[in-house]
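Asks: Generate the whole structure from the sequences, applying the supplied hints.
The primary structure of each chain is shown beneath.
2 protein chains.
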Amino acid sequence: MITLSIDAMGGDLGLDATVPAALEVLARHPGVRLILVGDPRGIEEHLLHSENSRRVARAAKNCRREKSSSETSASGAGSDAGMEKSVGNCPVQLHGALRDRLQVVAASELVGMHESAAYALRKKKDSSMRVAINLVQDGRADACISSGNTGALLATARFVLRTIRGVDRPAICAALPRMDGRHTYVLDLGANVDSPPEILLQFGRMGSVLVNCLENKPRPTVGLLNIGVEDVKGNDVIKAAAELFKRGELNYVGYIEADGIYAGDTDLVVCDGFVGNVALKATEGAAQMIMGAIREEFGRNLARRSAGLLAMPVLSAIRSRLDHRRYNGASLLGLRGTVVKSHGGADAVAFRSAVEVGIKEVQEGLVRSIENALTEQPDSVRVAT
Amino acid sequence: MITLSIDAMGGDLGLDATVPAALEVLARHPGVRLILVGDPRGIEEHLLHSENSRRVARAAKNCRREKSSSETSASGAGSDAGMEKSVGNCPVQLHGALRDRLQVVAASELVGMHESAAYALRKKKDSSMRVAINLVQDGRADACISSGNTGALLATARFVLRTIRGVDRPAICAALPRMDGRHTYVLDLGANVDSPPEILLQFGRMGSVLVNCLENKPRPTVGLLNIGVEDVKGNDVIKAAAELFKRGELNYVGYIEADGIYAGDTDLVVCDGFVGNVALKATEGAAQMIMGAIREEFGRNLARRSAGLLAMPVLSAIRSRLDHRRYNGASLLGLRGTVVKSHGGADAVAFRSAVEVGIKEVQEGLVRSIENALTEQPDSVRVAT
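Chains as they are written, first to last, in the numbering used here: chain L, 1 to 385; chain S, 1001 to 1385.
Read the hints as simulated data drawn from the structure, not as lab findings.
Just so you know, even glycine gets a beta-carbon here, dropped at the ideal spot from N, CA and C.
Covered stretches of chain L, going by a simulated chain S footprint (3 or more residues, C-beta under 8 angstroms):
(1) 173-187
(2) 261-268
(3) 277-285
(4) 293-299
(5) 318-328
Restricting the straight-line Cα-Cα distance to at most 27 angstroms, the calculated cross-link-like pairs of lysine-lysine (DSSO-like) are:
(6) K239/L - K1233/S
(7) K1125/S - K233/L
(8) K1123/S - K239/L
(9) K1360/S - K1217/S
(10) K1233/S - K125/L
(11) K1217/S - K1246/S
A short list of chain S residues far from chain L (calculated; beta carbon distances all over 12 angstroms):
(12) M1001
(13) G1014
(14) L1026
(15) R1041
(16) L1048
(17) E1051
(18) N1062
(19) A1097
(20) D1126
(21) Q1137
(22) P1197
(23) P1220
(24) G1248
(25) R1325
(26) A1348
Replies: Structure follows, in structure tokens:
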């Protein structure tokens, strides 16, 4: 049985996202227990509301099933009665099965989305984020998931859990979609600015372990993000990092440019957190602009709106392919515990993806594997941070 | 009369792009003269071919016009005769009018797309790129346009033309599309890696002059690219730069994140060249992936292909809105002469856009305006490079 602690109050939507996501995770993963951390009364209200929604949805599904099986004989009134019956049957069973694997732990404070990391660390010792991380440190949870403020989450996780021996700075790694429908993992996405070459090499090692763990790829290809593929390109840090990567044990394939992330040139792309965060946000901005242009052009006049209706299944397929919610869940790598950062604006679907990243990381023993990879290296380089 | 020198051999397509673009520019801008620099025989062949194509296109247009005006009386054979006549009439007129404002200057060498800047500078003294820049230095051309190797173009332009007093490093600035259909100008896009705060301030000043010149905006809003909008975010360089920008005379509005480029948060975004280049390439990669997904989804089966046919005008409108060729033409700022860098993969349409950026910069007196802006500043800061 795997146990995960959920910072139930974090993110823009808070309980509206985390509670329904938690119930969905419990329903899909019978071997998982969850601890929801936050305001117990709010959590309880949202649990009741979410359970009701699930019950009604399930009842409606049963109703449709019954209706279609008795389509030849039943009248409209008969199927309504069927719906009532299902609603009456579902809740006890659902309530019992999921609630057994769900625990609520109280936390009286909340870390604001724009609060400084230092302030959160010093002053918010009973925040839902802090308490959720403490549960991992105490061994009561195997992993923690939060949509909260990235800086505060990183600082708190680092302070409470500490870094793995051989790791100087934790990094944020996430999967980005690519042309062929698979993913490219990129790190660091914003935990560190000004990362020296030795730190970039650690990122490469941790990222390679993550790709192996989540994608079952024992020797993923690794590229260094640069502004050209030729040896002369880039700044001094990237050139020195390239020398370290060439000498190291990783499956290093050379420099790649930022468009290579989406072309799928390598399985893993390593970069400083400032650069990685800019690449990520530029992508989000460009994608939003393009999807906005599509909406606008299809809505321009009646003929185009009609074409848009016919093209609806295609547009939905495109949206679903690019849906960032499917890629939600960035891993905080290098800590003595599993922590997954969900996007601040995550809804229930997106938050569930992040929780499932955490489940997979625990199942695959990510932390232990990173520990092994980082301490086993004979040429492991340590730097002061 | 404005004269521009064209590196006719540069870019992936070379003469196939530059020569037809040059003829189109001459046809559209009666007050412009062009000097095509490169292999005279190749240029001549491409000129003849392009003139023929233009002639045939014009003849076909005339033919359609005649056909529609005499639709009630003329037979099919009659309109064919009309086409012959137009073809017969056009060439002399076209040839004369455009050729009068076109000159060819020989250059025996070509800078390869992956050649190092240092090698091009030392060894390729008779390259089409170098000769085209020399024409600006000699006062025979007002501006130079090239699709060639960025590093070589920058190094050669800097060596031949020198920088404006008060400018330590030239920067590359280009317009990127945004949600509202207008542009955001971003610099530096890759000329400099590791730009200190004082250099970023120079970029801000040069970029503001460019936006005013090309968009007629006397006090464009300026943002510093960062990984968050709060004061605590970013590295030491960006924080120190923010202090300089706050004290300076620019219309500085604070930090912006990379998605703000496309949301149109500011008119100008200032960043180091490594970061700017990554943002640009990430955008290109994401856009290509999305357009690829659209093509793929519309081609998946017969029903979708039919929907795609109906949606064709909309898809064309989207493509045209996002067409990078419309935004082609990055300005090399800070030099004592106007140099515009076209995308290496530019076709004739894209190359024409780049030439037109050059025309506008000369018309608006960009170089003189940057000179004034950079030398007039009482708190102008100079740094060793």
